[in-house]
Structures are given as structure tokens and as C-alpha cells.
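J.: Work the whole structure out from these sequences, hints included.
If you read the sequence shown in the working numbering, its first letter stands for residue 13, the second for the next number, and so on.
Quick caveat, the hints were computed from the structure, so don't treat them as lab data. Watch out, some of these pointers could steer you wrong.
As the list claims (entries may be wrong) - Taking lysine-lysine pairs in the DSBU-like style, the calculated list, with each CA pair at most 35 angstroms apart, reads:
{"#": "1", "residue 1": "K30", "residue 2": "K258"}
{"#": "2", "residue 1": "K83", "residue 2": "K30"}
{"#": "3", "residue 1": "K74", "residue 2": "K102"}
{"#": "4", "residue 1": "K182", "residue 2": "K102"}
{"#": "5", "residue 1": "K146", "residue 2": "K41"}
{"#": "6", "residue 1": "K196", "residue 2": "K182"}
{"#": "7", "residue 1": "K83", "residue 2": "K102"}
{"#": "8", "residue 1": "K102", "residue 2": "K41"}
{"#": "9", "residue 1": "K83", "residue 2": "K41"}
{"#": "10", "residue 1": "K238", "residue 2": "K146"}
{"#": "11", "residue 1": "K258", "residue 2": "K238"}
{"#": "12", "residue 1": "K174", "residue 2": "K238"}
{"#": "13", "residue 1": "K196", "residue 2": "K238"}
{"#": "14", "residue 1": "K174", "residue 2": "K30"}
{"#": "15", "residue 1": "K102", "residue 2": "K317"}
{"#": "16", "residue 1": "K317", "residue 2": "K174"}
{"#": "17", "residue 1": "K196", "residue 2": "K174"}
{"#": "18", "residue 1": "K74", "residue 2": "K41"}
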Amino acid sequence: MTRVAVTTPYFDFFPQLKAEFEALYPGSKFRTDRTPLTEDALIDYLRGYEAAVIGLDRFTDKVCANLPDLKVVSLCSAGADHIDPAVLNKYGIKMWWTPGINKISVSELAVSYMVFAIRRVHFFSTVLRRGEWKGPIGFAADLRGRTVGIHGCGHIGKEVVKLLQPYGVKIIACDRIDFSSFYKDWNVEAVEPAELWARSDVLTIHLSRNSSTIGLYSGAVLDQMKPGAILINCARGGIVDEAALKDRLISGHIAGAAFDVFATEPANGNPLLEVANFFGSPHIGATTAESWEAMLRSGMLGIAKAYRAEPGQYPFD
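T.: Structure (C-alpha cells):
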């Protein structure tokens, strides 16, 4: 019988799913504490277990070296940028995850932030909280008729394209993969990065975090963006240079930004939160009941799938 330990603390919110899990893997260990596990705590928690269902836990060389019984990990997350496949491969640990499992919830949030930002909802809400009804003279804008740029047209980017269809916007997209068939079906124009930055009235980022995307949106790139553009990031923190963005929000070169992710999380005290034309949320892209149930189920079913995978062979998109 496979001994399974679960590090993600959310199964108690879905008792039927937890019962299914326990029927599949009797004697499984679950956490309810939401405090992130340190390296040593993760080692202590998983010691002696063959399989782990995990969230955002980091499996470093030290962690893997001290878990000789661990054979598989199955992720309850849409992203795997916190996992180094080379480290898992070194210790013969197999992994499974399901890219795009939360694509509906994240894409809905991204599109809502487009409307939220271009209509200056955060600004006017702040004015109202100050006791003013109309606030300073100033107009917002319609999303209809604008050019929306999508940087990264994978699972979530494609869903954003579909959700934008009723809005009457021009959609341009940039991705390293050729999605020409999808673009044709959904009336999307493929462009290179420089054109994406120069033409987008609203630009939404849907890139994974890796060595080629960390810091990609530097001050130099932000300067290439269309004056008065809106920037949305519901992907991963660290892709945008936050200090550079703050300067350009204050100058007005970037008219507004709405982020669900930050370079350092929790983002308490982040200087961007002091800027009037910036709106932030605490990484809530996947925090819907539907999304979490899907991720937890994927983590549960991924144990058996991981056992069938070869070390180093992961279903990366």
C-alpha cells in the first residue's frame, strides 16, 4: 500500500473529495495548518512516505537527499516554477502536474482586472471612501475598441482570448510557440514582443516564471509600451521590475496596473501599493472553490500517473 502525505492544507474544505482520497490511499496524512513548511519541517513531515501531494513546497537538494523513501510528488498547482526537475531527477523522484488546471479562474480575474483598471474603479472607490461622491474631474475609458495584447498564449492566454470575444477589442498575442491555427479561429494577430509593447492599450502577462522571463519587463521594456497603456499581471511575480513600474505609473507613462502576483509574497509593504493608479490582490487567481477542487483532484489522481512516468519526463506544456 502506497503511503501518501499531503502538504496542501485545503482538503478539509472538500470532505467528499477527501473521503475519495482516503478510499484510494488509506492512512494518508493531511495538514490543516496553512503555515508554509520550512526545509526541515518538510523533511520531518514527509519522512517515511513514498508519495506526496504538494502545493507550493520547494523540493531542494537538501529536502530530496533526506527523503530516501519518496518516489513520487503530485502537484496541486497550475504552475511548477517552484520545482526544479533536475533535482527530482537526481534522486529518481517522479512528478506529475496538470498545466492550466486553474485556467478559468485566472483568466476571469485577468479580464475583470482589464475592465477594473481601464474604468479606474480602484481610484474612484478610494475617492468614495474619502467621503467624496464624484471626486476630481477625470474620465475613465471603455475597453471596447481598444487593442488588448496577450504575452503568453498557453492555457490561460487562450482562455483570455475566448472571454474577450464579446468586448469588441482587437487582440494581438505573442508566444514562442506557433498557435497560428488557434489565432485564425479566434481572430488573433500574432506579433513580436516589440510590436506587442508598442501597440497594446491593455497588456496582460501570462508567462511562466523562469530564467528567461524573470525581470523581462524591465524599465527599458516598460518605456517601449504605448504611452497610457494598462498593464495586468495575473501570472507570476518577478516578471515585471516593480521599482521601474512604480516610476512609470507615477510619471503617467503607464496609466494603470493591476497585479495579482508580486516578486516577494506576501507583498505587505510593497511600494507599488502606495501608488494611486495601481491595484493589487494577494495572489487570488486560483482561489475559487471550483479551481481548488480541480487542483486537489488533479493532485490526488496524479499519484498513479506519476508512478507511470519516467524520471525526468514531466507533462510540461
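J.: Compare the structure with the hints numbered earlier in the document and write down the numbers of the violated ones, lowest to highest.
T.: 1, 4 and 5
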